[in-house]
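Participant: Taken in order, these protein sequences are the chains called A and B. First residue of the first sequence: 1, per full-length UniProt numbering; consecutive thereafter. First residue of the second sequence: 1, per full-length UniProt numbering; consecutive thereafter.
For the record, the hints were derived by calculation from the structure and aren't laboratory data. Just so it is clear, CB atoms sit at the ideal spot from N, CA and C, and this is done for glycine as well.
Derived DSS-like pairs: lysine-lysine, alpha-carbon spacing no greater than 25 Å straight-line:
no., chain 1, residue 1, chain 2, residue 2
1, B, K156, B, K115
2, A, K68, B, K88
3, B, K110, B, K120
4, B, K110, B, K73
5, A, K68, B, K49
6, B, K101, B, K88
Covered by chain A, according to a simulated footprint, are these stretches of chain B (three or more residues, beta-carbon under 8 Å):
no., stretch
7, 138 to 145
8, 176 to 190
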Amino acid sequence: MSTEIASPVVVTPGRRLGVAQEYEAGTGTYVRNGVIYSSILGTRVISTSDEGSDDAKTTVSVERSNTKFAIPVIGSEILGRVVRMNPRAASVAIMMVGSTPCQEDFQGVVRVQDIRATEKDLVQMIESFRPGDIIRAEVISLGDQRSYYLATVKNEHGVVFAQSTDGNSMVPISWEEMQDPKTLVVEKRKCAKTF
Amino acid sequence: MSLNVVDRRRINGPQRSVEPVYTTKVVDPFASGRLDERALDQVRPIFIKTGPLDAQSLSAAAPSGSAYYEQGKIRVSCAIYGPRQGRKSDARMGSFDCDFKYAPFSCSWKRSHIKTSDEKEIALMLEHSIAPAIRLETYPKASIDAFVTVIESDGKAATIAAAINCISAALADAGIELYDSVAACSMALHGEQW
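Same shape as in the complex, but just chain A (with noise of 0.2 Å):
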């Protein structure tokens, strides 16, 4: 539970906040020398979270109101399309990074060693994904050069949205297949658990 303890104050980057013994630093902050500044121009938001405990804490951070856009870190769940598969991996652009849209799709991959965490050797990557499936994966690594390294090896990540071969949205009946309402026709995908 956080509530807001002082009026709302617009702030440019550079402007100093606060020192880091009084307050705990926020999104849109960064610590030198001890001192919290501002790095976006946005409104400063003083809060306080677990009021009354021994563990308080204040934190100063700065709120920017437009959209601001995200990039894929290590350990952030990703939303991207299926644009290229071969028998080993399959590329992906990655449109949104948690909630936050990114600015241009970023290029990622999933190995096929990283589709499900159980009998590796065995997943085909045609059984798991097809090209235009939205599917939902974890960051593992920053990769190579060019495409970031994602995984779906958990229950909620793998395929969200596809469509059967006749262009219907498909709705998942297990965590290995999916079923087209309309045809009654099953295409196997890996999917993520939504429920």
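Add chain B to chain A, keeping to what the hints say.
Facilitator: Same frame as chain A, but now just chain B:
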């Protein structure tokens, strides 16, 4: 642009162009020290507007931030794209790239459509001035690109200073993490005085 090379892709204006004369008053530059009758310690009046290049006005991808900067007769606009996938792709730090162009109608003589070495040198100057102020370590593998267009120019050094201020405003508008905004000003030694 050399007089022998003709740009065949566009409808060309005259090869040589001269600025129209608006006043019959003759100003002696060595008398007052300035051509526009400003005091020696007076800065050109500044106007800044952020966000002029919004999504509604463009058909292509909208920039993350933009700014329009006027200082006296100098008019500069800057668009920031990023953070987006970088070509250099350093895993530790992001990169900042700057693109600088004089519009062909910006100076008192017609400028080439093609980027000259002069403009490339100024672009490098802008990169070196602004890059240290950006928290590039928070954007690993990403690239932040600035595109500066000079709409009207009034003295090379003053225009470069205006470009730096414009990029700072655009970066703040784009929400890029900065250590501080960069401000620039041009000065000249006049006799014994700056």
